[in-house]
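One-letter residues, chain by chain:
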Amino acid sequence: DAGITQSPRHKVTETGTPVTLRCHQTENHRYMYWYRQDPGHGLRLIHYSYGVKDTDKGEVSDGYSVSRSKTEDFLLTLESATSSQTSVYFCAIRARTGEGQPQHFGDGTRLSIL
Amino acid sequence: DAKTTQPTSMDCAEGRAANLPCNHSTISGNEYVYWYRQIHSQGPQYIIHGLKNNETNEMASLIITEDRKSSTLILPHATLRDTAVYYCIVRVAGANDYKLSFGAGTTVTVRA
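Those protein sequence lines, which keep their order, are chains A and B.
The first sequence runs contiguously to residue 114 in our numbering.
The second sequence runs contiguously to residue 226 in our numbering.
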C-alpha cells in the first residue's frame, strides 16, 4: 500500500548469469534503497539513490550495480550472479520532505542462485 | 547511530495491550526512534516514529522517556495478525545515506 512494486517476486537462476531486479514506485519520492535480508544478518543496505542518476554504495555493494534513469524506477543488477547472492531483496522509498520521514518497503524479491 | 536493545521475545494475549520496550541509552539529540515490524516473508512495515514527544497513530502509540534513553511501543489491542518481529531503530534523519540498521528485534507472539 506504499505504492511500491518489486519485480519479479521470485526468480531462480544459475551462477554466472546476469540478473536485474526492478523497483517501481508511484509516490514520486526522491530516495530509493535496495536491501538484502539473510538469516543471521538482518537487512543490509546494498545501494541507494537520492535522485535521478544519483546513486551511492551501501555496506554490501560488491557484485551489485544500480541505475535510476527516472524517478519511479530503481534497478538492481547482479552482473554475474553467485550463490552467495541468494537472498531476499527489498526495495524501500522515502520522501524528501518532512523531518524524520520513514522508509517504506516493498514486498521483496526472493532470488535463488543455483 | 545509537545502538538499541530489545527483548528477544514476548508473548501477549489477544485483545490485551502489548508493550514493547526498547533501550537506546546512547541516543543523541537529533536521532529519531523508528519502529517497524516484519511478518514472516513480508517486507518490513513502518509503524511509528518520534523524536521527543509521545506519538500515536492508527496502529500504535510510542512513549519516549524524558531523557530519551528508552521508549515503549504500545499496541493497544493486540490481534493474532500482530504476531511479528518488531524492530526498534534509531537514526539521524536528513542525511542522504539514511539507512536503517535492523537488529534482531523482538519476536512477538499473540496468543488466543
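Hints should not be assumed to be uniformly reliable.
Lysine-lysine pairs mimicking DSS-like chemistry, simulated, CA-CA at most 25 Å apart [what the hints assert, rightly or not]: (1) B:117 x B:166; (2) B:183 x A:57; (3) B:213 x A:53; (4) B:213 x B:183; (5) A:57 x A:70; (6) A:70 x A:53; (7) B:117 x B:213; (8) B:183 x B:117; (9) B:183 x B:166; (10) A:57 x B:213; (11) A:70 x B:213; (12) B:213 x B:166.
From the structure, some residues in chain A lie toward chain B, with a derived Cβ separation under 8 Å [as the list claims (entries may be wrong)]: (13) 39; (14) 43; (15) 45.
Bear in mind the hints are in silico, worked out from the structure with no lab data behind them.
None of the values given here were measured: they were computed from a predicted structure.
A virtual CB, placed ideally from N, CA and C, is assigned to each residue, including glycine.
Hint check:
1. B:117 x B:166: Within the cut-off at roughly 17 Å; holds.
2. B:183 x A:57: 31 Å, violated
3. B:213 x A:53: 19 Å, holds
4. B:213 x B:183: 21 Å, holds
5. A:57 x A:70: Holds, because 19 Å separates the two Cα atoms, which is no more than 25 Å.
6. A:70 x A:53: Satisfied, since the Cα-Cα distance of roughly 8 Å is no more than 25 Å.
7. B:117 x B:213: OK: residue 117 (chain B) and residue 213 (chain B) at ~14 Å, within 25 Å.
8. B:183 x B:117: 11 Å, holds
9. B:183 x B:166: Given that 25 Å is the threshold and the Cα spacing comes to 11 Å, the pair holds.
10. A:57 x B:213: Within the cut-off at roughly 11 Å; holds.
11. A:70 x B:213: 21 Å, holds
12. B:213 x B:166: Holds, at roughly 21 Å.
13. 39: 11 Å, violated
14. 43: Residue 43 (chain A) check passes; min Cβ-Cβ to chain B is 4 Å, inside 8 Å.
15. 45: It holds, given that the least Cβ distance between residue 45 (chain A) and chain B is near 4 Å, below 8 Å.
Checked against the numbered hints above, the structure breaks hints 2, 13 and satisfies the rest.
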